[in-house]
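Chains A and B are the protein sequences, given in the same order.
Every letter in the first sequence is one number past the one before it in UniProt numbering, and letter 232, counting from 1, is 232.
Every letter in the second sequence is one number past the one before it in UniProt numbering, and letter 317, counting from 1, is 317.
Warning: the hint list may mix true and false statements.
Any copy, or any two copies together, can satisfy a pair, since identical chains are not distinguished.
[Claimed, not checked] Distance condition first, Cα-Cα at most 20 angstroms in a straight line; then the derived DMTMM-like pairs of lysine to aspartate or glutamate:
(1) K282 - E294
(2) K42 - D5
(3) K282 - D315
(4) K282 - D142
(5) K42 - D142
Just so you know, these hints were derived from the structure itself, not from any lab.
None of these values were measured; they are calculated from a predicted model.
Number of protein chains: 2
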Amino acid sequence: MNQVDALLQGDRLALARTLSQIENGTSESRSMLDVLFQHAGKAHIIGVTGPTGSGKSTLVNQLALAFRQPNGTNPPSRVAILAVDPTSPFTGGAVLGDRVRMRDLSGDPGIFIRSVATRGTLGGLSMAAAEMVTAMDAAGFDVILVETVGVGQTEMEITRLAHTVLLVENPGMGDDIQAIKAGILEIANVICINKADRPGVEQTERALREVLDMNSVNPSTGGSFHHFMEDENQDAPPPTGSPAGWQVPILQTIATTGEGISQLVQSLREHYTYLQNSGQWKSNESKRLRRNLESLIREVLFQTWLSRMNPQEYDQALDRLFTRSVSPFHLAEELIASDFASKTPSIHLK
Amino acid sequence: MNQVDALLQGDRLALARTLSQIENGTSESRSMLDVLFQHAGKAHIIGVTGPTGSGKSTLVNQLALAFRQPNGTNPPSRVAILAVDPTSPFTGGAVLGDRVRMRDLSGDPGIFIRSVATRGTLGGLSMAAAEMVTAMDAAGFDVILVETVGVGQTEMEITRLAHTVLLVENPGMGDDIQAIKAGILEIANVICINKADRPGVEQTERALREVLDMNSVNPSTGGSFHHFMEDENQDAPPPTGSPAGWQVPILQTIATTGEGISQLVQSLREHYTYLQNSGQWKSNESKRLRRNLESLIREVLFQTWLSRMNPQEYDQALDRLFTRSVSPFHLAEELIASDFASKTPSIHLK
Numbered sequence: 001m002n003q004v005d006a007l008l009q010g011d012r013l014a015l016a017r018t019l020s021q022i023e024n025g026t027s028e029s030r031s032m033l034d035v036l037f038q039h040a041g042k043a044h045i046i047g048v049t050g051p052t053g054s055g056k057s058t059l060v061n062q063l064a065l066a067f068r069q070p071n072g073t074n075p076p077s078r079v080a081i082l083a084v085d086p087t088s089p090f091t092g093g094a095v096l097g098d099r100v101r102m103r104d105l106s107g108d109p110g111i112f113i114r115s116v117a118t119r120g121t122l123g124g125l126s127m128a129a130a131e132m133v134t135a136m137d138a139a140g141f142d143v144i145l146v147e148t149v150g151v152g153q154t155e156m157e158i159t160r161l162a163h164t165v166l167l168v169e170n171p172g173m174g175d176d177i178q179a180i181k182a183g184i185l186e187i188a189n190v191i192c193i194n195k196a197d198r199p200g201v202e203q204t205e206r207a208l209r210e211v212l213d214m215n216s217v218n219p220s221t222g223g224s225f226h227h228f229m230e231d232e233n234q235d236a237p238p239p240t241g242s243p244a245g246w247q248v249p250i251l252q253t254i255a256t257t258g259e260g261i262s263q264l265v266q267s268l269r270e271h272y273t274y275l276q277n278s279g280q281w282k283s284n285e286s287k288r289l290r291r292n293l294e295s296l297i298r299e300v301l302f303q304t305w306l307s308r309m310n311p312q313e314y315d316q317a318l319d320r321l322f323t324r325s326v327s328p329f330h331l332a333e334e335l336i337a338s339d340f341a342s343k344t345p346s347i348h349l350k
Numbered sequence: 001m002n003q004v005d006a007l008l009q010g011d012r013l014a015l016a017r018t019l020s021q022i023e024n025g026t027s028e029s030r031s032m033l034d035v036l037f038q039h040a041g042k043a044h045i046i047g048v049t050g051p052t053g054s055g056k057s058t059l060v061n062q063l064a065l066a067f068r069q070p071n072g073t074n075p076p077s078r079v080a081i082l083a084v085d086p087t088s089p090f091t092g093g094a095v096l097g098d099r100v101r102m103r104d105l106s107g108d109p110g111i112f113i114r115s116v117a118t119r120g121t122l123g124g125l126s127m128a129a130a131e132m133v134t135a136m137d138a139a140g141f142d143v144i145l146v147e148t149v150g151v152g153q154t155e156m157e158i159t160r161l162a163h164t165v166l167l168v169e170n171p172g173m174g175d176d177i178q179a180i181k182a183g184i185l186e187i188a189n190v191i192c193i194n195k196a197d198r199p200g201v202e203q204t205e206r207a208l209r210e211v212l213d214m215n216s217v218n219p220s221t222g223g224s225f226h227h228f229m230e231d232e233n234q235d236a237p238p239p240t241g242s243p244a245g246w247q248v249p250i251l252q253t254i255a256t257t258g259e260g261i262s263q264l265v266q267s268l269r270e271h272y273t274y275l276q277n278s279g280q281w282k283s284n285e286s287k288r289l290r291r292n293l294e295s296l297i298r299e300v301l302f303q304t305w306l307s308r309m310n311p312q313e314y315d316q317a318l319d320r321l322f323t324r325s326v327s328p329f330h331l332a333e334e335l336i337a338s339d340f341a342s343k344t345p346s347i348h349l350k
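Using the sequences and the hints, build the whole thing.
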């Protein structure tokens, strides 16, 4: 049996190999992903984000164990964890995290753990993470927990591939943090205040609730923060943020003792049900896939255009730009018009 | 005299009108910017960033006044301030800030102040900010202070148009903040700890220095955070972060009394000289202009392609994507190949 078929039947070794090939960006991974994509789309993808030191990893471990419990008459969920750590060149975080986790969770064939720390630039990292989630999804995991370290853009980008975004906070976080994280708060669907046995939990909950309420009374700005990473002039991206009708719950947990974990799993499942029943699951997926397609089309068009461009001619054009003899906008139109004129005479730029 | 000529001669009213047209995205602003771009490129653009409450606005006012002092044998700099406030729909910050400032700085024809709070999405905001800086630059201001509120992506995007990034911190900021802000720290060229009369200034300086040192011993990751917002697969963007050879200074200021401000201005001027002497000014500008051009080319190519596409055919293709009959990558290649096949038979995709 080939690797892709083995993966589709849930073979862990085949999945592990495929994830490595994706991480290394091999050419086989490209064609494997074409097949895997067609079998994905079933898992509930949960992005877990929050600052370093908030206890995210312990919480994610506990969530995995809790999702392994039978849910009413349903069988336990199969759970995959993907830890995305752009800071690990500094801290070695992802690798260490894996080792600690192996001890707690190993032996359960219904749990699969993987970390990804780097693939070239961070843009590459978020693309690799998305592709790895597709592979885990195709391998039949019901729940995929994507854990990110809280570093601005990566966090935002990676949470965009999630259906449900869980934000982990701690008691006693000051106003400054909340100002910085206003953008993250807007995309959270469920919030938990971990280490809830520490002082200040009520104030933190109140502060979070205030920011949430402020967002909801300002519909014009609500959800606008995560529009930012769009390609310019593109349609609005899918509302991954709290949709009207979903009241973002703020829960309290103590991950080290497991307190509050089952309620948290309950909330995450309720959000899944909400997305399905309201039709937002389908519409969000469609918008996300369309955005993905169009960003690939942009890239292929540009690379094709660039390959047709005479390098010398392009360098000369760039020189005119660098000496400010022509503006970027004007030059872009000029270069494209001359390309179309020489090769596709029937096409006119608007 | 027309508005553009008046602006180029430093007419404040013409500049103010042009900035409003840019903010509103009028069609005249597009063609005016083509001209203004050709006269810009001389100003020292300084991005000032840091969390809400760090005293940024007061500091920026003081910096403007200090830049108005004669610098050795050089005449005083002409200073423009652009306050970019994506959160102002919540707080009214930008407008209020303007009013307070007017009182302090008005009457000096060498200082021009403007705020911009919104132009559609935040993506639009950062593009408007860049265009407004071009207009201020063309109007002959020597120093342009671009002040942003610390909200993740916008902050990063807007600081990318600066030659020098000044990060404002306060004493007593905890480890959490610094973890979150690792990405921002990497793009800072000068750091100041404002409100330096408060307790904890030494610890904060030590913590900042540690993160800076950590980054500099990891050249592979240094400056990688701000690569993230690139279009996928594009070349590495310009290193706006601390280049090898520039030691990021950490200064202490008390903006309310003006203490430390002249040393801070000195550091900002030294960074300008460093950029010029090391040749980085020119290479950073070239990379930035090229990136700007190529992102416009991507957009024009895509919009042109989309206008040639039969809408019904496109909807059918999207349906195949939504039902996962075909992967985004495969579909992108297919759609583009069929377009090229029908219209430009001589072109082959790689």
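Hints and how they fare:
1. Only within a single protomer do K282 and E294 lie at most 20 angstroms apart by alpha-carbon distance; the minimum there is 18 angstroms, versus 33 angstroms between protomers.
2. In the homo-oligomer, the alpha carbons of K42 and D5 lie at most 20 angstroms apart inside one protomer (17 angstroms), although the nearest pairing across protomers, at 60 angstroms, exceeds that limit.
3. Proximity of K282 to D315 under the C-alpha cut-off of 20 angstroms is restricted to the inter-copy arrangement: shortest distance 16 angstroms between copies versus 46 angstroms within a copy.
4. For the identical chains of this complex, K282 and D142 are intra-copy neighbours only, at 17 angstroms inside a copy versus 52 angstroms across copies, given an alpha-carbon limit of 20 angstroms.
5. Taking the closest pair of Cα atoms, K42 and D142 come within 20 angstroms of each other only inside a single copy of the chain (7 angstroms); across copies the shortest separation is 57 angstroms, beyond that limit.
Of the numbered hints given earlier, the model fails none.
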